[in-house]
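Engineer: Make a model of the complete structure from these sequences and hints.
The listed protein sequences correspond, in order, to chains A and B.
The first sequence: position 328 = 328 (full-length UniProt numbering), numbered continuously.
The second sequence: position 105 = 105 (full-length UniProt numbering), numbered continuously.
Everything labelled a hint here was simulated from the structure, so no lab data went into it.
Nothing here was measured: the structure is a model prediction, and the numbers come from that model.
Treat the hints with care, as some may be off.
Because identical chains share one entry, a pair is satisfied inside a single copy or across any pair of copies.
[Claimed, not checked] With a straight-line Cα cutoff of 27 Å, these simulated DSSO-like cross-link-like pairs (lysine-lysine) come out:
#1 LYS261 - LYS319
#2 LYS106 - LYS264
#3 LYS166 - LYS197
#4 LYS234 - LYS106
#5 LYS264 - LYS319
#6 LYS39 - LYS106
#7 LYS39 - LYS329
#8 LYS319 - LYS39
#9 LYS319 - LYS143
#10 LYS143 - LYS166
#11 LYS261 - LYS197
Here's the letter readout for the chains.
2 protein chains.
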Amino acid sequence: MQNKTILLASRPTGTPSAENFRFETTETLPLTADHVLLKTRYVSVDPYMRGRMNEGKSYVAPFEVGQPIAGGVVAEVVESQLDTLPIGSLVVGNLPWQQYILSDGKGLQQIPADQAPPSYYLGLLGMPGLTAYFGLLDICQPKPGETVVVSGAAGAVGLVVGQLAKIKGARVIGTAGSDEKVAYLKQLGFDEAINYKTANIPEALAAAAPNGVDCYFDNVGGAITDAVYDLLNKHARIALCGQISSYNDAQAPVGPRPEGKLLKTSTKLQGFIVSDYYTQWPEGTRQLTEWYQQGKLQFEETVTEGFDQIPTAFLGLFKGENTGKAIVKVA
Amino acid sequence: MQNKTILLASRPTGTPSAENFRFETTETLPLTADHVLLKTRYVSVDPYMRGRMNEGKSYVAPFEVGQPIAGGVVAEVVESQLDTLPIGSLVVGNLPWQQYILSDGKGLQQIPADQAPPSYYLGLLGMPGLTAYFGLLDICQPKPGETVVVSGAAGAVGLVVGQLAKIKGARVIGTAGSDEKVAYLKQLGFDEAINYKTANIPEALAAAAPNGVDCYFDNVGGAITDAVYDLLNKHARIALCGQISSYNDAQAPVGPRPEGKLLKTSTKLQGFIVSDYYTQWPEGTRQLTEWYQQGKLQFEETVTEGFDQIPTAFLGLFKGENTGKAIVKVA
Chain A
1 MQNKTILLAS RPTGTPSAEN FRFETTETLP LTADHVLLKT RYVSVDPYMR GRMNEGKSYV
61 APFEVGQPIA GGVVAEVVES QLDTLPIGSL VVGNLPWQQY ILSDGKGLQQ IPADQAPPSY
121 YLGLLGMPGL TAYFGLLDIC QPKPGETVVV SGAAGAVGLV VGQLAKIKGA RVIGTAGSDE
181 KVAYLKQLGF DEAINYKTAN IPEALAAAAP NGVDCYFDNV GGAITDAVYD LLNKHARIAL
241 CGQISSYNDA QAPVGPRPEG KLLKTSTKLQ GFIVSDYYTQ WPEGTRQLTE WYQQGKLQFE
301 ETVTEGFDQI PTAFLGLFKG ENTGKAIVKV A
Chain B
1 MQNKTILLAS RPTGTPSAEN FRFETTETLP LTADHVLLKT RYVSVDPYMR GRMNEGKSYV
61 APFEVGQPIA GGVVAEVVES QLDTLPIGSL VVGNLPWQQY ILSDGKGLQQ IPADQAPPSY
121 YLGLLGMPGL TAYFGLLDIC QPKPGETVVV SGAAGAVGLV VGQLAKIKGA RVIGTAGSDE
181 KVAYLKQLGF DEAINYKTAN IPEALAAAAP NGVDCYFDNV GGAITDAVYD LLNKHARIAL
241 CGQISSYNDA QAPVGPRPEG KLLKTSTKLQ GFIVSDYYTQ WPEGTRQLTE WYQQGKLQFE
301 ETVTEGFDQI PTAFLGLFKG ENTGKAIVKV A
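Structural biologist: And the structure:
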């Protein structure tokens, strides 16, 4: 059976392009004892993967040139030599960008039937949802009536952050990159939403946060962050989750030094990655599933179709093309 | 009785100078019921006071133009209408820069006899010592064998930080601004000390911290901080205590954005001021006193003599003139 894989062809300088990816077609290897053959159903494309395309240490090991790209994948067991994973099971795991995958089952999580659409285990009930959950509820700990700002609010993580902050009784301000996204955030229940591409960011944020900012969940960095730093209340908490505004910068970004502002407000800024909370994932997934089933959490996906479109969908992340989770439906 | 007071004459732009201070001589007011008359013995000059000379919110309210400067003072009760403060008592409190002070006793702490020199209650056993204690032990929480960097290491806070880190079994690196200070830090037990004025800061820090940096206690900011950010280990902790390198900048300082580095190491950066730990001060003072009496903590003062020299001693802080606590002995 023919099997396509997407490899890292070269490391990008600045913004990645289609040339950094290479397709390879091989024959699927025969199933061996204690293994399963997986058919890839949904592939997750995520901003953090840009960091893995660089050489040198980031918070996840770099991809190797000439080796498959890997990330979050939902797949179906189509052949099985493992009792624990019968044919027809759906699993989620960190897997290569490949149509058919041989696996020993290690690191795979079985997806429960009928709780949510399978692709949600790459979004609301997967890595992005858990990122929102732990970053907001453990690091920021918003209290009722406090003001929460989330940047990249219409992304997979941001839209969950905003809804969780509303569940906790906070006033929620989101930033996003189009009027359509702003309208979507308002519809989701955000108190204020700002189009950072058209607004005067410092003025718009100051107007939206008349009582200052208690919590900031940062997916973006740069000018939005600079403006939030000027509005911090005493004992503010910042969950530092992403910096998509600078991922494609060829040179190290420069800006106003934040330390003086963090110092005089006794602010806590905590960098994190969802794997820091690995042992608490089951609790997080359980709570997110419960709120989803109670109708307290909505979710949104931007779905691209076809295995060959995975690089395009990935590149679209840096053009702000997705609302909610960017997913590729492979089969 | 003639009584001199030092007032804020004008707000400095950039580096303060003698012109920003004004001396005023008045007659001491007569003692009234339920008050004491204090004779100022020691005055503390501290970098944080620079922030109070500016207009606008900092972490402490600004001084007012035409009003007395105030800060940490050790004084002796010379007349008393308060049973709780008999003549001869020594007290420490936040008091005006004034030779004789009328006080209702509120906010004053009595200094225990024979535990330590009275001026130490402005240093090791006062605000700077407690700043070191809570910043290092609560925010950084160094573990045995971890690497701790402290900037401004030969200052009143820094030298306590380094010794506390040694008590906790960490490897300690300090930065300071002269070879004499570096020699003093080595003598105090610091594993490495760097003269930031003559060293290549990134190279010297990398050489001194071959296993990376787990804890950073920052009194200084700027280029030293930039270099430390490049050496952070996963789950590093930063106690953000001061930014003396930029206190006199007329314009907001600009530099490399730190967020990407804090993000990929899951670093916690916590701004703080010692008053955040107000309720725990007695515990901190008790522990510092115990370690001091056991010979585990040494302390150093740079003493200037004479009330009229207070502004000069304050201005000297920004020229790096002091090793340890800068104190003015008034009487």
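Engineer: Which holds for LYS261 with LYS197 at a C-alpha limit of 27 Å: within a copy, between copies, both or neither?
Structural biologist: both (25 Å within a copy, 26 Å between copies)
Engineer: Taking 27 Å as the upper bound on the Cα-Cα distance, should LYS166 and LYS197 be classified as within, between, both, or neither?
Structural biologist: within (25 Å within a copy, 50 Å between copies)
Engineer: Taking 27 Å as the upper bound on the Cα-Cα distance, should LYS319 and LYS143 be classified as within, between, both, or neither?
Structural biologist: Answer is neither: 34 Å inside a copy and 44 Å across each miss the 27 Å cutoff.
Engineer: Quick one: LYS264 to LYS319, C-alpha cut-off 27 Å, is that within a copy, between copies, both, or neither?
Structural biologist: For LYS264 and LYS319, the Cα distance is within 27 Å only across copies (23 Å; inside one copy 36 Å).
Engineer: Using 27 Å as the alpha carbon limit, work out where LYS39 and LYS329 are close: within a copy, between copies, both or neither.
Structural biologist: within (12 Å within a copy, 80 Å between copies)
Engineer: Within a copy, between copies, both or neither: where do LYS261 and LYS319 come within 27 Å Cα-Cα?
Structural biologist: Classified as between; 24 Å across copies, 31 Å inside a copy.
Engineer: Within a copy, between copies, both or neither: where do LYS234 and LYS106 come within 27 Å Cα-Cα?
Structural biologist: Answer is between: at 26 Å across copies they meet the 27 Å cutoff, but 46 Å inside does not.
Engineer: At most 27 Å between C-alpha atoms: does LYS39 with LYS106 qualify within a copy, between copies, both, or neither?
Structural biologist: within (16 Å within a copy, 75 Å between copies)
Engineer: For the identical chains here, do LYS143 and LYS166 meet the 27 Å Cα criterion within one copy, between copies, both, or neither?
Structural biologist: within (10 Å within a copy, 38 Å between copies)
Engineer: How would you label the pair LYS106, LYS264 (within, between, both, or neither) given a Cα cut-off of 27 Å?
Structural biologist: Answer is between; shortest inter-copy Cα gap is 26 Å, intra-copy 48 Å.
Engineer: Please work out whether the CA atoms of LYS319 and LYS39 approach to 27 Å or closer within one copy, between two copies, in both situations, or in neither?
Structural biologist: neither (30 Å within a copy, 68 Å between copies)
Hint compliance for this structure: hints 8, 9 are broken, all remaining hints hold.
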